[in-house]
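Chemist: For the record, the sequence lines run as chains A and B.
Everything in the first sequence is counted per numbering that gives the first Met the number 0, starting at 0 for the first residue and increasing by one.
Everything in the second sequence is counted per numbering that gives the first Met the number 0, starting at 0 for the first residue and increasing by one.
No lab work stands behind these hints, which were simulated from the structure alone.
Be aware that a few hints might be false.
[To be verified] Calculated Cβ distances over 10 Å to all of chain A for the following chain B residues:
1. I69
2. S157
3. Y163
[What the hints assert, rightly or not] Per label pair, the in silico range of CB-to-CB distance:
4. A:K87 to B:N201: 24 to 34 Å
5. B:M274 to A:S276: 21 to 31 Å
6. B:I271 to A:S276: 22 to 32 Å
The beta carbon of each residue, even a glycine, is placed where N, CA and C say it ideally should be.
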Amino acid sequence: MKFSGMRIRKRSKISKGEAVIVRLIAIVLALIVSGFIIVAITKLNPLQVYAGIIDGAIGTSRRVWVTIRDIIILLVVSVGLVPAFKMKFWNIGAEGQMLMGGLAASALMIYVGNSIPNGLLLLLIVIASCVAGMLWGIIPAFFKAKYNTNETLFTLMMNYVAMQFTTFCIVFWEKPKGSNTVGIINAASGAGWFPPFLGQKYGLNLLFGILVTVILALYLKHTKHGYELSVVGESPDTARYAGINVKRVIVRTVALSGAICGFAGSLIVSGGSHTISTSLTGGRGFTAIIVAWLAHFNSFIMAAVSALLVFMEKGAVQIASQFGLNHNVSSIITGIILFFLIGSEFFNNYEVVFDNSEAEEK
Amino acid sequence: MSMFLVFIQKAISQGISILLGANGEIITEKSGNLNLGIPGIMYIGGVSGLVGAFFYENAVSSPVPLVGFIIALICSLLCASLAALLFSFLTITLRANQNVVGLALTTFGIGFGNFFGGSISKMAGGVGQVSVSVTASAFQKSIPGLSNIPVVGTLFFSYGFLTYLSIVLVFVTAFILNKTRLGLNLRAVGENPATADAAGINVGQYKYFATIIGGAIAGLGGLYFVMEYLGGTWINNGFGERGWLAIAVVIFALWDTRKACLGALLFGALSILYMYLPGLGRSTQELFKMLQYIVTIVILVVTSMRKNREDQPPESLGLAYFREDR
């Protein structure tokens, strides 16, 4: 029996059901492996580990809402990256765009927080954070459009410029002096904080998250802009031939992408932490890239993957704190889940064929 | 004068991690693989050397520096190679997107490093921070005799083994890439894999080979930081953005390891310059730390404007190779 006839073939298509099953298998394998790792570290029995994870993520109603809040942030950033990725523009600058958005929100809260009505302030915060993120996206997009400058590396560097800019601002905003942290902004007045919505502290976050996701899905599917950017992504030459102004589409699309990521920054600051630091993003800008790509830009799958990752992260952090271990274990778990999901993509796109006849001919 | 000497010495010690990372990434990128997992791999390389040395020093009553040195080196090379192997398997064999796999690897690697670096001492039942001073002393040992020469000794001979290794690797890599058949083939794979394939070069094998060797070298950058720079301990996120700076240096050096040497020195100098300039307030210092990234962006833009053929990234950088798509 010869195995030399084994080869890899591109699948013509895969049914939705099969694709879902492949991903589910990947997730189950990832959960088993990450469970094993936690067991090895904590010496708990596996069932206790999973119970601990569930408790950490959704154990109390407060935890449920914190989990929802964080799922929404990851989802919004992933959604924000989709237009750029669909155009094959590798925007890996979401970290910086979020940070700039968060910075704009904090600046407004600090400087005009207590002098204008809260409704107006919130409106300004949303606009300013979008503009800040947009600006951070437009700079690399302009050079990509004009000189074809490598956007992967450019947007990556912009992250660290944003990070240094944030530490620069923190020097002026720190409270108490010398602490190098900003503390809770407007702790007494709550100016610039998202108000409770439908009785829930994070209700507004949920509403905004759903709105952004739906609007963007409609924009991509049903508008001329959405069509143009996907043509540019497929082939810039075709787009040019069809009379599309490729440069304009690139700048416009990345501006939109940056704006949504900037908005996510305000969701974190105004809608959650009420403070600003360089660890505001917590690597979510990078994780979102993987989420958007794994979901093939499908909103529902993005929501599902975001939910899975945040759920596991919260659970792992809970277990880590119970055992006095450091919370970085959650990054290990996130990494493992991502590796399995990335690996499973192969089986959706290709099939392995055992073709013995060919081997015998040789 | 003596302050200037110290500045250069400090700049070099800041630059070595970046140089090793950049050297590894250049080898990787020459094969057409853009490995954004390098920052994660550097964390993995650093922490695994540390953990290896930690177990050795705890297991014997009077640890020998040289043995700890060898164990740390092997652990670091092995784990960094395994991480690079994972990247290779996912991107070359399973044909996954390189950016995505790289970023996932970086997330994983940084978590892995901070987790084990921060808790290994506790998990082994000890208290306080992990410390492997005996092994670190072997890494920090400078050249006896020569390091005592004034000025020249301080400037050139006051470093440990990994510093000299990193310089040797720069020239070895440059020689292999530019003067040997192996290097020519590797560059062909990175520029145009279809043509290389047609010429009978095993594209997958070269990509695997380059990515794993590159990962191992980058991992040494992490080991350098943990052993020679920190003296055998761990600070969470202490390694900072050096991994990304290594990727920035690759651009700065236009994919030439010899220029990466200068780039790493420059970046090392820029990262500590603010401490040596009088009259800088805290806020201006933070702006100074931005310089290295701004410099990288400017170089990126200028090279794309000039469109000089010698200075471009490998043609197929970031793209997976499908023979059937040719």
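Chemist: Against this structure, judge whether each hint is valid.
Modeler: These are the hints, each one checked on the structure:
1. Every Cβ of chain A is farther than 10 Å from the Cβ of I69 of chain B; the closest lies at roughly 27 Å, confirming the non-interface assignment.
2. Every C-beta of chain A lies more than 10 Å from that of S157 of chain B, the closest at about 30 Å, which supports listing it as non-interface.
3. Every CB of chain A lies more than 10 Å from the CB of Y163 of chain B, the least distance being 30 Å, so the non-interface label holds.
4. Separated by about 29 Å at the C-beta atoms, K87 of chain A and N201 of chain B satisfy the suggested range of 24 to 34 Å.
5. Between M274 of chain B and S276 of chain A the Cβ separation comes to about 23 Å, which falls inside the hinted range of 21 to 31 Å.
6. At about 23 Å, the beta-carbon gap between I271 of chain B and S276 of chain A stays in the expected band of 22 to 32 Å.
In the structure shown, no violation is registered for any of the earlier numbered hints.
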